[in-house]
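**Q** For the sequence shown, our numbering assigns the number 1 to the initial residue and increments by one for each residue that follows.
No lab work stands behind these hints, which were simulated from the structure alone.
Bear in mind the structure is a predicted one, so any value in this text is a computation, not a measurement.
Nothing false has been slipped in among the hints.
Cross-link-like lysine-lysine pairs, in silico, BS3-like; alpha carbons within 27 Å at most: (1) K80 x K110; (2) K75 x K121; (3) K50 x K194; (4) K75 x K113; (5) K124 x K50; (6) K113 x K80; (7) K50 x K75; (8) K194 x K124; (9) K110 x K75.
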Amino acid sequence: MAQNQLGREHQGITLRGSAELVAEFFSYGINSILYQRGIYPPETFTRVQKYGLTLLVTTDSELTNYLNNVTEQMKEWLYKCIVQRLVVVISSIENNEVLERWQFDIECDKTAKDDNGPREKSQKAIQDEIRSVIRQITATVTFLPLLESACAFDLLIYTDKDLAVPEKWEESGPQFITNSEEVRLRSFTTTIHKVNTMVAYKRDSVP
1 MAQNQLGREH
11 QGITLRGSAE
21 LVAEFFSYGI
31 NSILYQRGIY
41 PPETFTRVQK
51 YGLTLLVTTD
61 SELTNYLNNV
71 TEQMKEWLYK
81 CIVQRLVVVI
91 SSIENNEVLE
101 RWQFDIECDK
111 TAKDDNGPRE
121 KSQKAIQDEI
131 RSVIRQITAT
141 VTFLPLLESA
151 CAFDLLIYTD
161 KDLAVPEKWE
171 ESGPQFITNS
181 EEVRLRSFTT
191 TIHKVNTMVA
201 YKRDSVP
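Please work from the sequences and hints to get the whole structure.
**A** Right under this line is the structure:
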């Protein structure tokens, strides 16, 4: 069993495998953001081991179902190379003001096909890069302003314009932040999909 796992970790990456790895990253990344920014109570998260890190994932059944649905939809769109961006928007419940915007830009090599054979980059190498991004997401609490009011989150997913939107999804505006600061975080690539990460947050107003 250990030998089989070792083999999988060091073999190349396929289009399907790349889509699954990137969608999985989004699931853990969104969970990390929701925990770090206090969108849900800390007691509603549990610790799991992933990417050589201890991560926190929600135990809230409604949120779990929602994120699972997002992950499955992202797998399909990543596999078809028709998704361009995922954004986590954090806004004040009191006045709907957008306070933070976590943006993940996705580049896809549209020449990639499953029957082309795997690309020469191991899952281990990809997961090492993902670990660095997750660590940066965790470290952002050192510079992001404290969210002093109760907040909610929304997910925006940008796809190719000719894509028919599933019924359970609805179209939305970009929900930009006025008077914002932006910080670029690390990127990672599977050689098929590349994900660039940045966070924008509302600049403290000067008295």
